[in-house]
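Chains as they are written, first to last, in the working numbering: chain A, 17 to 139; chain B, 348 to 474.
Simulated from the structure, these hints should not be mistaken for lab results. Please read all numbers here as calculations on a predicted model, not as lab measurements. Keep in mind that the hints are not guaranteed to be accurate.
Some chain A residues well away from chain B (every beta-carbon gap over 10 Å; in silico) [as the list claims (entries may be wrong)]:
no.: 1; residue: Pro-78
no.: 2; residue: Ile-83
no.: 3; residue: Leu-86
no.: 4; residue: Val-99
no.: 5; residue: Gly-109
no.: 6; residue: Ile-121
no.: 7; residue: Tyr-124
Simulated coverage check for chain A against chain B, where a stretch passes if three residues somewhere in it have a Cβ under 8 Å from a Cβ of chain B [stated by the list, open to error]:
no.: 8; region: 45-58
no.: 9; region: 126-138
C-beta atoms are modelled at their ideal positions from N, C-alpha and C, and glycine is treated no differently.
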Amino acid sequence: MTYMTDRKRVEGLGSARSGTGHFWSMTVTSVALLILTPLFLFSFGPLLGQPHADVVTALSHPFRAIIAALMLVVTFHHFRLGVATLIEDYVRGMARKIAIIMTIILSYGLMGAGLVALAQIAL
Amino acid sequence: MADVNRGNRPLSPHLQIYRPQLNSMTSIMNRLTGNALLLGSVLIVWWLIAAATGPEYFATADGLLTSILGKLVMLGSIWALWYHALAGVRHLVWDTGHGLEVAMADKMGWGIIIGSVVLTVLTVIVI
């Protein structure tokens with residue numbers, strides 16, 4: 017007879033009712049990124065290496081600014097979930113929790129920094 | 348539930364003795380490219396912050412991103428982006444319940460590898 021409780025058995029295995037939330041969110045962001053990635057690559061890529069004034073002018077254009085902003089939001093949302101899966105696969109215990117929290121902070125940090133920079137350029 | 352047999356069940360194959368095959372390799376590469384894209388995205392966000400700060404700081408960031416090393420990272424990121432995108436499409440197909448047979452999965456695996464290289468070359472030409 018083992019003293020394994022039901023609580024112990026399900027801990028960390030995903031809770032009822034939100035178990036598919038992660039999967040669905042990954043599906044939606046993947047589809048969104050399939051549209052955004054080519055748009056971003058071809059509208060943003062050519063700006064690297066351009067003079068500062070030209071970059072500011074180009075990013076002030078609403079289309080480019082919107083694509084770049086959406087790319088930042090969706091990419092880092094997708095990134096946060098993906099890295100969390102990686103951590104869940106390889107890291108255990110308290111280190112796992114700390115690593116996931118750090119990933120979330122990093123993702124939203126980069127997203128926020130990019131969005132503010134974009135707003136400062138575009139406005 | 349507490350008396351379920353947990354000791355005598357088949358183990359999943361350990362990575363060290365598992366024969367590498369196209370599916371496992373393309374799957375590992377998908378994870379690798381997805382996480383490695385952090386480097387490129389940090390550089391791009393930094394470049395954006397520099398552009399928002401002013402022409403002088405922008406020149407520093409832009410100089411680094413367009414240096415040989417920076418270009419190598421950007422080229423690698425473009426490939427990783429396309430690879431991860433195509434591998435993601437395969438996952439979306441799998442999620443519908445299609446293409447799960449080994450032959451079809453292998454076919455899509457080669458599609459990811461060749462497609463990502465072709466798209467990278469095309470992107471570099473266009474950009």
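Hints, verified against the model:
Remark: the non-interface label on A/Pro-78 is consistent with the geometry, its nearest Cβ contact in chain B lying 16 Å away (cut-off 10 Å). Taking the minimum C-beta to C-beta distance to chain B, about 13 Å, the non-interface status of A/Ile-83 holds against the 10 Å cut. In this structure A/Leu-86 is separated from chain B by more than 10 Å, as the shortest Cβ-Cβ distance comes to about 14 Å. Look at A/Val-99: its CB is around 6 Å from the nearest CB on chain B, not clear of 10 Å, so calling it non-interface is violated.
Every C-beta of chain B lies more than 10 Å from that of A/Gly-109, the closest at about 20 Å, which supports listing it as non-interface. Interface exclusion of A/Ile-121 from chain B stands, the closest Cβ pair being 13 Å apart, more than 10 Å. For A/Tyr-124, the shortest C-beta to C-beta distance to chain B comes to about 12 Å, beyond the 10 Å cut-off, and the non-interface label holds. Only residues whose C-beta sits within less than 8 Å of a C-beta in chain B count toward coverage, and the region 45-58 of chain A has 7 of them, enough to reach three; the restraint holds.
With a cut-off of 8 Å between beta carbons, the region 126-138 of chain A has 8 residues touching chain B; three or more are needed, and the interface restraint holds.
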